[in-house]
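Protein sequence lines, in the order shown, are assigned to chains A and B. Under this note's numbering, think of the first position of the first sequence as 1, with each following residue one higher. Under this note's numbering, think of the first position of the second sequence as 1, with each following residue one higher.
These are computed hints drawn from the structure, not numbers from a lab. In this text, all values refer to a predicted model and were calculated from it rather than measured experimentally. Hints are supplied without guarantee of correctness; some may be wrong.
Copies of one chain are not kept apart here, so a pair can be met inside one copy or by any two copies together.
As the list claims (entries may be wrong) - Within a straight-line C-alpha distance of at most 30 angstroms, the following computed BS3-like cross-link-like pairs (lysine-lysine) qualify: (1) 431 <-> 40; (2) 234 <-> 307; (3) 40 <-> 486; (4) 431 <-> 390.
Protein chains: 2
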Amino acid sequence: MKRFTLQIGIALSGMVLLFSGCNQGGNAANGALSSSAAEKVYVAPGEQDEFYAFLSGGYSGNLTVYGLPSGRMFKEIPVFSQFPTSGYGYSEETKPLLITSHGFIPWDDLHHPDISQTNGELDGRWIFVNGNNTPRIARVSLSTFETEEIIEIPNSAGNHSSSFITENTEYVVAGTRFSVPVPQRDMPINEYKGNFKGALTFINVDPEHGHMDIKFQVIMPGFNYDLSHPGRGKSHGWFFFSTYNTEEASTLQEVNASQNDKDFIAAINWKKIEEYVNNGGGTEMPANYAHNVYDESTHMARSTMKKKVLTVDPTKVPGAVFLLPTPKSPHGCDVDPSGQYIIGAGKLSADITVHSFDNMLAAIEAEKYDGYAYGIPILNFEEVLAGVVKSGGLGPLHTEFDGKGNAYTTFFISSEVVKWQLETWQVVDRKPTFYSVGHLMIPGGNSRKPFGKYVVAMNKITKDRYLPTGPEMEHSAQIYDISGEKMELLYDFPTHGEPHYAAGCPADLLRQNSKKIYRLDENNHPYSIKSPVDARVEREGKDVHIYMSTIRSHFTPDNIEGIKVGDRVYFHVTNHEQDFDVPHGFAAIGANTSEILVMPGQTKTIVWEPKQVGVWPFYCTDFCSALHQEMQGYVRVSPTNSSIELSWSVGE
Amino acid sequence: MKRFTLQIGIALSGMVLLFSGCNQGGNAANGALSSSAAEKVYVAPGEQDEFYAFLSGGYSGNLTVYGLPSGRMFKEIPVFSQFPTSGYGYSEETKPLLITSHGFIPWDDLHHPDISQTNGELDGRWIFVNGNNTPRIARVSLSTFETEEIIEIPNSAGNHSSSFITENTEYVVAGTRFSVPVPQRDMPINEYKGNFKGALTFINVDPEHGHMDIKFQVIMPGFNYDLSHPGRGKSHGWFFFSTYNTEEASTLQEVNASQNDKDFIAAINWKKIEEYVNNGGGTEMPANYAHNVYDESTHMARSTMKKKVLTVDPTKVPGAVFLLPTPKSPHGCDVDPSGQYIIGAGKLSADITVHSFDNMLAAIEAEKYDGYAYGIPILNFEEVLAGVVKSGGLGPLHTEFDGKGNAYTTFFISSEVVKWQLETWQVVDRKPTFYSVGHLMIPGGNSRKPFGKYVVAMNKITKDRYLPTGPEMEHSAQIYDISGEKMELLYDFPTHGEPHYAAGCPADLLRQNSKKIYRLDENNHPYSIKSPVDARVEREGKDVHIYMSTIRSHFTPDNIEGIKVGDRVYFHVTNHEQDFDVPHGFAAIGANTSEILVMPGQTKTIVWEPKQVGVWPFYCTDFCSALHQEMQGYVRVSPTNSSIELSWSVGE
């Protein structure tokens, strides 16, 4: 039966693809509607957007910052990927952020941002994101808009049902998409079933500085864990994970993982498990995973390897883990603002399944089980069900909420956003998307207090929405006004990378706390200098350390002699500006690395290994003043055996 | 005297910086003007922009594609920088593009795009861009929107007065910003004067396939060469380069390179030099520079090192090179659509200097010289002058043209665009920019036929124009409607990277030629497979080659056993889709490289070196269908000494 649906799904998907090739979507360009939409998304010169939107970059590995309603991108925050623009992942200070147990990795696949919360409302301190491929969670400061910390997740693979936070940011949660042998070992792939395991990881977040530490991992059956969301309000203390491939197939999952009519949403009572481990429960397991922390005071990241992790067998903690049957390979797993409803969107279904938290508690209390999976109780489907949304669409994926009793679910196959009412389960509106929407986002939509003015649909297929750019093009987002009864499509805007999910908040939550400069008197970088008069060059064997200053519009020192082929030259550049928006950049010809872009008050280090005798220039890469073009210097490189002494000029 | 101006400049610059901190720029949000601007930049869902704009990314190293009037970014084309999003500079196929004489370099600083021309009009075949730091010129296809070729420039440093093309794309021209010893040698920096040289390089472009080859380098005096533009129409055959630091200062150039009241615009008769070298003139010099070519048929780049370059002493070719005195450190050097006027913008000046091509020819004819610089005739200033624009602004930088007799010049210090008339030299309009504008761009503005509907100002300082994003923020562009008598500011949009310059063209010039897929029957990648049935795994010693297929929604093979620790595993992924906009991505856990994003019909290779025994998943990184989440596989990694044979599954 499921195979039948699957085939329909594929056929319909093909139809959508064919159908969507023609350029007929959206509003007409003329007339009142268009005019109104134009004004609604227009942010006039000198004005600012109303909301921040943080879109995942997906396979870019980075997080992008947009304004709503304009759809303009204000920053790409490098997280898991090297970023030549600023030197992230190339500079000596930031390279440690990309260290893993597999060594240095220049990339990852970033999917789900979530903003920190206090009492279930956005508090605007940090945003957490996940790395999928080499499982990691990163924390980004919403004051500096820079990555501050990355922790690797052991016993995981395809860290997809991540990173979502509990309503006081007690935990950021990561769930493995792919199950693997735990611990890893050499075994036949076709012995997957019953042997592979899925780790759901709860990472403690320090309430003061945000530092992360793995508290425990629940070692679950070898399903695929797809998405997750926290309980809130009455369901605070629980966490919900959608699963697929409960068949535990290990080949051609396209077919073999789509056999069961229902997979599960796993409900985890993390408070109970927390109590269990606080009382000495769980099993410490050897592990090897990186914990990388950027210190804003030293402007430097440090990587350490952690050697153990606490694992929990879910069958050892009675009352902590239950499985809620959910039809047709549930993908999205969303919780409404009240915490009462858990929405499971079976991606091969036409309907949306809504579970009730109260019903779940009652079913647990009454032990309404339909058996066990590897010792974990499976709750009776009808007992936990709150309602079914007869959508009329196909391929529901994700749901967000407007805080006014409405839910909005995306449908990938039928390419639309469907608005429906909580509790009546009635569809009240639907609008097409162009094309094949994945996630959607309402600012605060994953909290107790959504700001239900706009919804952003993030589409997987772009085709003709923009001027063509060859075979490869950006993905596309669409913004809808949801302040009225009916959704109104306002605008299309391209996204940078693949936007899997997004988090948004009102501009005022962050605007005042946004850092403008780094204070020089707080700069504790070991190679910083407090003033240009401290500029100098020091040799330690083959290593040469240049303590360099930048200030409009010169380097101190600006010329250096006594460098030899085979040296390793460290340019430690301190930007002595203390005005907002006066970065300087630094690049030297032939350096086998990127530039560094140095913000006011900051110190960054680039390494240059001269291989050829000669006189080689360096220069400022950021147009900083009317005399920017004059901001340059030279390094004289002599043969290895040269006796020329170190010397440097400070401009005379 | 010049020092005096310099100090005013610095003081004014400071004032602008202070002044620009407050948020009062631009149109008010309400009222008829705003409404009209909103509609003018609004491109309704389902419609497309009117113009392409290619903005340099500056220190991002890449080229970005925008639509006008909307200001939306449609693609970032990786050129000189590694791009984790697609695997550019990480995949085996593209790594050779970033090879230089200094080894592999993951970054550069990209400044000036120029679209290929035929008969002085844009022909939309290619766009050329320069790498500043490690001097290179790249050619990007305007059919695939991908980088196809990069050539390194020897004897250069800070390749800034580049890359501009002649009016039949005979040559793409590169001029060194920093002079250096030619050939490079170990010598004291303070012996710069008279010893360092500046190379101006003319690179032949094959009219059929666009391949580049250095024809000759003119070895000029040791000035700094800042910008350049070709002659056109009557001045076709000439090329003009602005210079500064004719003082030949080598330290604190901020002060020392601003002493001379006039520097020069160098006029190069490249047709005469071409004839000279075609007749055996010039000196062949040993050199070492990379020439990297991407072959669309094999989907692969190849790097070769060139070993010699033809140099020309300008004093050996009578009548080929002249110097036009130009006040106050000229930066921009622009030629009007008729080819008659050469505009020199002295960046420390209030005025704009316009030279006349006819006057120049007459002065040459009459030998109206004011002496010589290193044997090169200096033409008399008054003899070549056509007019002076009394601007009322300060710090002119760059000029573009609307094809209706008007020129538009940016002023960095007074932060404005000034519109003036050719031949009357009268200022007719001015509008502020927010803040500190560098280049500006009118589509086709560097050709005989500009499309004078919009001008885009590219601003160096952003401050409060957008929601704050910490100390680092994007730069900012502004679009003005110039179809009327007065310029009208329409919109602010952020840019990705630092937009030094841009090139634009009507959408229709490129739209029809934009490639949608790579044809499988034209895929000659040596590791491609024509169909999923050819999928296989082959071992060659420690190297394992996986011939892999992707098609919605599975990999073939999807599971692989017999891989051992210490192997070097090449995943050669062919995307067998032949529909537009159906990429698949590929990533494997722990790979020390980026993902690969594979377009329909394309083959790309990622290398994975497993270090740990276990069963490790790989997956598709681009959400490709309703069953994308099922598109995965595993690799079993056994110990180095394991006797497990290679095997793989094709889904059963």
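Have a look at residue 40 and residue 486 and pick one of within, between, both or neither, based on CA distance no larger than 30 angstroms.
both (16 angstroms within a copy, 26 angstroms between copies)
Treating 30 angstroms as the Cα threshold, decide for residue 431 and residue 390: within, between, both or neither.
Answer is within; shortest intra-copy Cα gap is 16 angstroms, inter-copy 57 angstroms.
First find the shortest C-alpha distance between residue 234 and residue 307 inside one copy, then the shortest across copies, and answer within, between, both or neither for a cut-off of 30 angstroms.
neither (36 angstroms within a copy, 74 angstroms between copies)
Copy assignment of residue 431 with residue 40, given that the CA separation must stay at most 30 angstroms
Answer is both; intra-copy 18 angstroms and inter-copy 26 angstroms each pass.
Going through the hint list in order, the structure does not satisfy hint 2, though it satisfies all others.
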